[in-house]
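Protein chains: 2
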Amino acid sequence: MEMKDMSKEQLSELLSAAKKEYDGYKALGLALNMARGKPAADQLDLTKDMLDAVSSSTDCKALDGTDCRNYGVLDGIKDTKKIFCDMLGVAEDELIVGGNSSLNLMYDTIARNFMFGVSKEATPWKDAGKVKWLCPVPGYDRHFAITERFGFELINIPMNADGPDMDMVEKLVNEDSSVKGIWCVPMYSNPTGITFSDEVVKRFAALKPAAKDFRIFWDNAYCVHHLTDTPDTLLNILDECKKNGNEDMVYIFASTSKVSYAGAGVAVMAASKNNIDYVKYHMTVQTIGFDKINQLRHARYFKDFDGIKAHMKKHAAIIAPKFDAVIKALDENIRPLGIGSYNTPRGGYFISFDTLPGCAKKVVSLCKDAGVIMTGAGATFPYGKDPQDSNIRIAPTLPPIDELEQAMKVFICSVKIASAEKLLAE
Amino acid sequence: MEMKDMSKEQLSELLSAAKKEYDGYKALGLALNMARGKPAADQLDLTKDMLDAVSSSTDCKALDGTDCRNYGVLDGIKDTKKIFCDMLGVAEDELIVGGNSSLNLMYDTIARNFMFGVSKEATPWKDAGKVKWLCPVPGYDRHFAITERFGFELINIPMNADGPDMDMVEKLVNEDSSVKGIWCVPMYSNPTGITFSDEVVKRFAALKPAAKDFRIFWDNAYCVHHLTDTPDTLLNILDECKKNGNEDMVYIFASTSKVSYAGAGVAVMAASKNNIDYVKYHMTVQTIGFDKINQLRHARYFKDFDGIKAHMKKHAAIIAPKFDAVIKALDENIRPLGIGSYNTPRGGYFISFDTLPGCAKKVVSLCKDAGVIMTGAGATFPYGKDPQDSNIRIAPTLPPIDELEQAMKVFICSVKIASAEKLLAE
Chain H
1 MEMKDMSKEQ LSELLSAAKK EYDGYKALGL ALNMARGKPA ADQLDLTKDM
51 LDAVSSSTDC KALDGTDCRN YGVLDGIKDT KKIFCDMLGV AEDELIVGGN
101 SSLNLMYDTI ARNFMFGVSK EATPWKDAGK VKWLCPVPGY DRHFAITERF
151 GFELINIPMN ADGPDMDMVE KLVNEDSSVK GIWCVPMYSN PTGITFSDEV
201 VKRFAALKPA AKDFRIFWDN AYCVHHLTDT PDTLLNILDE CKKNGNEDMV
251 YIFASTSKVS YAGAGVAVMA ASKNNIDYVK YHMTVQTIGF DKINQLRHAR
301 YFKDFDGIKA HMKKHAAIIA PKFDAVIKAL DENIRPLGIG SYNTPRGGYF
351 ISFDTLPGCA KKVVSLCKDA GVIMTGAGAT FPYGKDPQDS NIRIAPTLPP
401 IDELEQAMKV FICSVKIASA EKLLAE
Chain Y
1 MEMKDMSKEQ LSELLSAAKK EYDGYKALGL ALNMARGKPA ADQLDLTKDM
51 LDAVSSSTDC KALDGTDCRN YGVLDGIKDT KKIFCDMLGV AEDELIVGGN
101 SSLNLMYDTI ARNFMFGVSK EATPWKDAGK VKWLCPVPGY DRHFAITERF
151 GFELINIPMN ADGPDMDMVE KLVNEDSSVK GIWCVPMYSN PTGITFSDEV
201 VKRFAALKPA AKDFRIFWDN AYCVHHLTDT PDTLLNILDE CKKNGNEDMV
251 YIFASTSKVS YAGAGVAVMA ASKNNIDYVK YHMTVQTIGF DKINQLRHAR
301 YFKDFDGIKA HMKKHAAIIA PKFDAVIKAL DENIRPLGIG SYNTPRGGYF
351 ISFDTLPGCA KKVVSLCKDA GVIMTGAGAT FPYGKDPQDS NIRIAPTLPP
401 IDELEQAMKV FICSVKIASA EKLLAE
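Just so you know, the protein sequences line up as chains H and Y, in that order. Note that our numbering numbers the first sequence so that position 5 is 5, with each residue one more than the last. Note that our numbering numbers the second sequence so that position 90 is 90, with each residue one more than the last.
Think of the hints as simulated: they come from the structure by calculation, not from any bench. Fair warning: there could be bad hints in the mix.
Identical copies look the same in the list; a pair holds intra-copy or inter-copy alike.
Derived BS3-like pairs: lysine-lysine, alpha-carbon spacing no greater than 25 Å straight-line [what the hints assert, rightly or not]:
id, residue 1, residue 2
1, Lys4, Lys82
2, Lys78, Lys132
3, Lys212, Lys202
4, Lys385, Lys132
5, Lys361, Lys422
6, Lys314, Lys61
7, Lys280, Lys385
One chain only, chain H, in its complex shape (with noise of 0.2 Å):
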């Protein structure tokens, strides 16, 4: 029976339940983490090996001869810029492999335009007034942290099953020219895990910004990381813009973080030619180069995109799994109450959890005074604000299977309690 048909008496005595399980849990004094998208250990022993890639044994030479350890090469060396070129399906002349952060990429991309404006003929954003942001939500919180940093008005944009609400990113970004940029995790979202549909791309491709500097920043952060064998395919963002005649309209965002090291991998961006041009301008004056030996250990371990896409197999090997035990459990113990609704991603490294109205903060709250913790209700919104305090953003990665396992016996309890209290309430 779902809860929102039992009785008083029966959400009373369900109620009475949980609490006594719940104090059960917290006795046990556990200290778990569902917060984070982390790999797991075992996922980060998969390239142990590349650590020899670049050794005391081997040269320090890309296949051009640029020796790795001194300095130059701004945007990347090619054996690296090829996977990803291939990976992005971008040209060589329209990817720049930066450092280990593409979040930093990310927030480099809006300082730049920012202090200097998306070309060397735009007004910087600095100086254009008010800029408001489109947000997909739920969404990545430190997206959000980026722009609420620089100020601008984060607007909330709803998630559809194939993409973000497209009739209301239309009408905002064709009709206002303050609004100059969406955050979008195109694939296997984070944290909702929908990939966005060819119609969402093809829209996103043609808009007509009234804002001539509006940008998309495409966060592809999961384009691999598929955890089925019937993966989601994703349209090429930067050749829709082309046939559109919108090519400098995208900034395209990738790295190994959750391939080869979440603190040690290779972060890329692509765009358009143009783009790419003018980043380098100004990067050039920001640094030297990145980091060409960590480039050469990722280009020589991998091969090519292939060795990627066979890697991520073995990605897929261990957290499928812990994925499948966090829905077998909500599918036990939540589906039947009807206190809850969640995705059943097929990529990416979260599940996205909805409460009844109104008790996302108090699941996190108990979660977290049972030594179980959760990524704060509200973080998947701009300034931490769920308008229906219902989301939670659930990271089954990093635990080993038991201790999620454990982890999710707590969630669940105290989804029960806060349901059942607010329906006692109502």
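Here the structure of chain H is known, so what remains is to put chain Y in place on it, guided by the hints.
Showing chain Y alone in chain H's frame:
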């Protein structure tokens, strides 16, 4: 006989001989480079074993148990911090370990102050009207390029034998609130090779800036880059600033670019805890963290600051003979003719050469036409404008010594030609 004392006939004869010699060099089809301060391949070989310090047969754990492969630790692992804290004489909470580029840390620090101000309370430099910036000259072209890109007004400050002209610095900083910063390479300065005297450092620390948000950018790039067994010493600027209640006035930068790898080292910034806390407040929005595996690699290989010091002796053994070769060539061929002045550095990466006024561009151009690339004349001055057209930065580290000697022959011959032509035209 010095050239200034020669008759027209003697000058013509010298010029003719020099031109003949020059044509001989030109016919060789040389391709030599003394332009950038790049380490040579045999210097890079010195840290070959560092690449094995983290490998498939080691773990990736910092001493406190941090898994360096995963996300986290914004300001760097303690293992690596310790080495740089000892090197710079600062506390752990006064230091951030960044990526591979100290230039990037400097750029980001200026960008941060430009966009957000030097503290939460301060006015961002973008809103502070005209920003003036002091540039000791000759200096580092990449420093000047950053502040030029931000549109600051760059003011030349003459470099004396003990550091910048402090009378001028004090007057400008203490009286003009639009002066927001100064570039300094306080030890083995780029390119003059001088180290700031204790008195100069004390006068810096005792500045009473008209602008509360005035900042010293103390690029201690060559702090361990001694060429002799009797190294220069430099006062600790942060300690001195503290004595004057000025501890927030300075940012210190350093890196291992010329210790381990120019393209894959580790960079740091140091400052008061107050400043570092503020930097981290913004940096946490910019990135989750820098490459900790590379930090660990450095920490394990060098072990401690003594390890760095011992290692730098190996560098000196390779590059000191190159400096000697340049100085010897200049002593034998330029000094007797009185057509150039230069320093004999006890550390760093450069020899600063001053031609007769108005000859630098001509010399660099002659060298280029004979296949010897020098740093562009004027590069050591803001906007690339050397008012005397006399300074040329010689970077002797990259070429093998035989190539360096060959390149110096071309250089000396070019100086003779340019000097003789100038004197003949007077």
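Against the structure, the hints:
1. Lys4 to Lys82: Result: close neither inside a copy nor across copies, 55 Å intra and 58 Å inter.
2. Lys78 to Lys132: neither (37 Å within a copy, 40 Å between copies)
3. Lys212 to Lys202: Intra 19 Å, inter 52 Å, cutoff 25 Å: intra-copy only.
4. Lys385 to Lys132: For Lys385 and Lys132, the Cα distance is within 25 Å only inside one copy (17 Å; across copies 41 Å).
5. Lys361 to Lys422: For Lys361 and Lys422, the Cα distance is within 25 Å only inside one copy (12 Å; across copies 79 Å).
6. Lys314 to Lys61: Between copies, since 23 Å is at most 25 Å while 29 Å is not.
7. Lys280 to Lys385: between (36 Å within a copy, 24 Å between copies)
In terms of the numbered hints stated before, the structure departs from hints 1, 2, listed from lowest to highest.
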